[in-house]
Every structure is written in structure tokens, then in C-alpha cells.
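Take these sequences, add in the hints, and give me the full structure.
Chains A and B, in that order, are what the protein sequence lines are. If you're matching positions, the first sequence starts at 1 in the numbering used here and goes up one per residue. If you're matching positions, the second sequence starts at 1 in the numbering used here and goes up one per residue.
Zero decoy hints are in this set.
So, partial list: chain B residues that the calculated Cβ filter (under 7 Å) puts toward chain A:
no.	residue
1	Leu21
2	Ile72
3	Asn76
4	Ile83
5	Pro92
6	Gly93
7	Phe94
8	Glu96
9	Ser122
10	Ala123
11	Trp124
For the record, the hints were derived by calculation from the structure and aren't laboratory data. A virtual CB, placed ideally from N, CA and C, is assigned to each residue, including glycine.
Residues per chain, in single letters:
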Amino acid sequence: MLEVILSALILLGALFTFIGSLGLARLEDFYTRLHGPTKATTLGVGSLLIASMVYFSTRGEGLSLHELLVTLFLFITAPVSAHLLAKAALHLRLRSLAVVPPRAEASAPQQANRDAPSDETVQR
Amino acid sequence: MKRHLLPHPLLTPALTLIWLLLVNSLSFGQLLLGLLLGWLIPLFTLRFWPNRVQVHKPLTLVRFVLVLLYDIVIANLEVAWLILRGPRRVHPGFVEVPLALRSELGISLLANTISLTPGTVSAWLSPDRTTLVVHALDVRDPEALVATIKRRYETPLLEVLEPC
Chain A
1 MLEVILSALI
11 LLGALFTFIG
21 SLGLARLEDF
31 YTRLHGPTKA
41 TTLGVGSLLI
51 ASMVYFSTRG
61 EGLSLHELLV
71 TLFLFITAPV
81 SAHLLAKAAL
91 HLRLRSLAVV
101 PPRAEASAPQ
111 QANRDAPSDE
121 TVQR
Chain B
1 MKRHLLPHPL
11 LTPALTLIWL
21 LLVNSLSFGQ
31 LLLGLLLGWL
41 IPLFTLRFWP
51 NRVQVHKPLT
61 LVRFVLVLLY
71 DIVIANLEVA
81 WLILRGPRRV
91 HPGFVEVPLA
101 LRSELGISLL
111 ANTISLTPGT
121 VSAWLSPDRT
131 TLVVHALDVR
141 DPEALVATIK
151 RRYETPLLEV
161 LEPC
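Okay, here's the thing in C-alpha cells:
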């Protein structure tokens, strides 16, 4: 019974992690791609960690709660890196499917694209 | 005097708990070591945290965390569904959230919360700290999204950190 629950959790975790990476491949601009790996993975990693917690706690060596820390550190670091990536993208004026609020973009330097134009960046 | 010896009363138990989880044991020795670390680390990092953090309504905080966990699960499923259905049908957009929070801690907690709930990433904070620009993966009604963020996340944070 325990093994069934564990395998279900691991499969669920793998599935969500996979969907997260799939989003990275399928979505069309930088900002939407950002959502896949930073997000769908929270549930994926969560299921894997619960599975790990249940497995090590039932092996008779006492409760294993390390995994809570992994969750904590993930929840602290993931949003910060996502925020900085998005901010850097605004700064570089990457192509966006959505309309960028003028104020957010006005803070970026005007000549940001002049030095290194590429397919990803669009002159405005 | 008390202010100098124990600058952050909340940080000490939190660090002790983290230490105990880190060593994965609950022995008396580790508990003592954890308490020692929990006492010394806030003393040595005082310069980074000049203001004492006060939690005014612990119950609201607990409810906020539960709501957040629930939202993370639900929104995860939504994003997964959006990705599977295909990128053609997503409507990404930026929304501007006017902030009522004033403290640095409050704003960073709100920004982190927004980024943790799938489908939204906080992308930019205006220099005067009054507006947070949020990128949403699939937004049909920007005003409803802003209202949801303010009601579900900002209001409880305001009550916990900055009661008027």
C-alpha cells in the first residue's frame, strides 16, 4: 500500500516537473516561458519531497523532516530569481507578447539594444 | 538592554528550528547548539536587519499561509493545463498593482507571494515603491486579477505587518 502511494507521488512529481519544462519549450516569449520552470515545478518538487519524507520516515530510523527545509529554501529563492529575470528582461526590452507598461520600460536605458541587437530583442 | 541582547525575538526560534531540521535530530545537545546559533546569528547580522519585525495577528498569518498553499496547488494545475492545451490560447499581460504596503519586508513578501503563485511573476517595482508591475501568463480581466491580489494577499499582509 505504502509503495503504491510512494510511486503515485513520485510519478505525479515527475509529471509536473515535465510539464514545467514543456512550458519552457512551447511558450512563445521570454516572459511566458518564465512561468513554466519557476511554477509548475513547485508542485512537482513538492510531491517528490513528500515522497522522500514518507519513505525515509517509515524506514524505522525516525522522522525525516529535512525535506521541509528544501521546500523552505526553494520558496525563498525561486521567486527572487524569477523576479530578477523578469526585471532584467524589462531592462533589455525583450520581445513580449503582452503590452509592456510604459513606466516599467521607461526606466530602462534608451540605448540598451544598440550594442547587441539580436532576434530576441526588438527596437521600439 | 533587552534590545541589544535579543534584537530579533522571532528569528531565534526560527533559526533554532532550521538548525534542528538541518541536522535532522532532536537531541538535547543539538537543541542547545541550535539555540546558541539562533541567539548569535541575529546579533552578528544586526546591520542587515535594523528594524525589529513584529507580527501583530499570528492567526491571520497562519490563515494567509494556508490560503497561499491552497492557491499554489490550484494555480499549478491551471498553469499545467494551460501549457498542455497549447501556447496559442494563452493571453499574457502585464498588470499594475497599486501598493498599500509601505515597509520593505511587506513589499518583498508580497512580491514573493505573487511570484510563488503560478501564473503570475512580479516583474518590476516602481522606484517610489507605489506600484508593482506583475506579468500574468493568462489574463482575461486585469482588474479582477489586481483585485484578487489585493484582497487575498495584500490585505492579510497589511494586517500582520502594518496595522494602523
